[in-house]
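Given the sequences, and given the hints that come with them, work out the whole structure.
There are 2 protein chains.
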Amino acid sequence: MGEFELIRHYFAAAPCAQGGEGVALGIGDDCALLELPAGQQLAISTDTLVAGVHFPAVCEPALLGQRSLAVAASDLAAMGAEPVGFTLALTLPEVSAAWLKAYAEGLERMASQCRLSLIGGDTTRGPLSITVTVFGRVPSGQALRRSGARPGDALCVGGYLGDAAGALALVLGERQAPSELAEPLLAHYWSPPPQFALGLALRGRATAALDISDGLLADCGHIAKASGVALEVNLAQVPVSPALQAFLGRDAALQAALSGGDDYVLAFTLAPEYLSCLAQLPGAQVIGRVREGQGVTLLDAQGQDITPQQRGYQHFRETP
Amino acid sequence: MGEFELIRHYFAAAPCAQGGEGVALGIGDDCALLELPAGQQLAISTDTLVAGVHFPAVCEPALLGQRSLAVAASDLAAMGAEPVGFTLALTLPEVSAAWLKAYAEGLERMASQCRLSLIGGDTTRGPLSITVTVFGRVPSGQALRRSGARPGDALCVGGYLGDAAGALALVLGERQAPSELAEPLLAHYWSPPPQFALGLALRGRATAALDISDGLLADCGHIAKASGVALEVNLAQVPVSPALQAFLGRDAALQAALSGGDDYVLAFTLAPEYLSCLAQLPGAQVIGRVREGQGVTLLDAQGQDITPQQRGYQHFRETP
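Protein sequence lines, in the order shown, are assigned to chains Z and V. Residue numbering for the first sequence is 1 to 320, as defined by our numbering. Residue numbering for the second sequence is 1 to 320, as defined by our numbering.
Because the hints were derived from the structure by calculation, they are not lab data. The model shown is predicted, which means the values in this text are computed figures rather than measured ones. The reader is advised that the hints may include incorrect statements.
[Unchecked claim] Coverage of chain V stretches by chain Z, computed from C-beta distances (three or more under 8 Å per stretch; other residues unrestricted):
no.	segment
1	19-28
2	39-47
3	66-80
4	164-174
Yeah, the Cβ is synthetic: ideal placement off N, Cα and C, and Gly gets one too.
Written out as structure tokens, the structure is:
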């Protein structure tokens, strides 16, 4: 048995690989088999993380294990899907038992937190790269799309923005911060909690939703385009955490929140009749509104247009 | 719009990305959505191909497009699943319009041949690597597993073996051959046709099945282990193509067929009462039998055990 065959056995023995609801067959055959209750659709999303592009080439493997699953799972939450399972395609330059053990522990932690079963994958030799494909289920016709925002809707987000972008200088070792600031920021970078509860609560209520990965303004642009509407963001309502504000100062914290990316927090639009449900959704709040037109406008406290030219993260950095 | 955003739009416009049976939502939102008829299960498999490991770093992108989908789709055929769709996670060191156009053409050709819809994916910068996840459907309980082979069953394969392994020296430019030999061998390497028709015909008949990717003997070992039986392979019955035999000579051709890997031809076991159905399955033939015990034994024409120690491909080569 080759060393990569051993890795497959290693993952097959993980607690998250022992099956779960909807998993008829897991790791070990040519395919996994999923079952879907009548009246449900299967939601599917794929994310690749490349060393030196999406995470530092040298980093804690346990943290990478958490993050590699969390960023993919966030897409399920954004559709209002309930978690079912995932496949893991892991490309490794070499086989290190210590690295694998730590990576698998982090992966297991996030899989357990999200209730996602590992159902299959592939392990190959090459430059470090991870592709996770996630599967969830959602009642037919109830998935949260990007395309339903209507003029008059409120624009909302599911929590603080910018923490992960603010953490990047810490992740890269370019800056340091006292632990009471560094810890919450780094936690959000390495382990952004997929907002499954929020996504489920928004089914039948939100007119549009997505998870913010490219930066608030860029992702609002995706809703605006898909829905054929304009979005207004009120800068004064954009939520930034106390830790981020203390670390960067208010202006840079807002800049990170607007354009930083890697948040994996939901942005969504709500018809006015559902605004009252926000009180039951911890962290969720209104940050603007939908109107007729196109594009995204950023407004200051006086209602002046202060839209920046540069609308956020261009999907990848050459080096983080 | 960044250049990688442009690539996503490029793939979204491909004919194979325009939806198909079972695809409720394709590219463009946080997730794709699949539907599954009542009484069916969804079969899922993931394969990663890394440049310099699974294919030469310098190769025809159109051929790579075909091959990257074909090797993943073969896992669906091996389960007896009907094709539905696939996701494509493409990591590229740089954006070349000519490369992408050719790659997409090859991908499209195989997608059309297999009736697989492109439903989503991710495009990232990094060392060239391709992860394809395929989706198919199979009536509940009818998937072809590896675990049902029983003593007394016949061991069969779906066609010639060893062509792709034989082609490797041609792919790498280490050897040359007249075009009438090179062309069929290279065709099998770059475009192994997933045996969907065979997989469907074997539903309810084969007791076990898989697609041969690691070499006949190694993959027979997977059936033997999963089923708790022994497999006997009769060397004289192992089918090699006229082209392979002319290119390598009979002994080396058989060696490629036994241990070469990359065949993506089905191996399966049939109860004696279904042996007559082989006549309706072009290329399929008996190569041995299942008996009580464990492991794989190779027998010569006199029934002598000539099992080699080295059982095939160790999943990847350091450099092809």
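Item to check | Coverage claim, chain Z over the segment 66-80 of chain V, checked by counting residues with Cβ within 8 Å (three needed) | outcome: holds (count 4)
Next on the checklist: Using C-beta distances, would you say chain Z covers the segment 19-28 of chain V, given that this needs three or more residues below 8 Å?
Outcome noted: With 3 residues in contact (Cβ-Cβ under 8 Å with chain Z), the coverage given for the segment 19-28 of chain V holds.
Item to check | Whether chain Z covers the segment 164-174 of chain V (at least 3 residues having a Cβ closer than 8 Å to its Cβ atoms) | outcome: Three-residue rule not met by the segment 164-174 of chain V, so violated; n is 0.
Checklist entry - Taking a Cβ-Cβ distance under 8 Å as contact, does the segment 39-47 of chain V have three or more residues in contact with chain Z? => result It holds: at least three residues are needed, and the segment 39-47 of chain V offers 7 whose Cβ sits within less than 8 Å of chain Z.
In this structure, only the earlier hint numbered 4 is contradicted, and the remaining ones agree with it.
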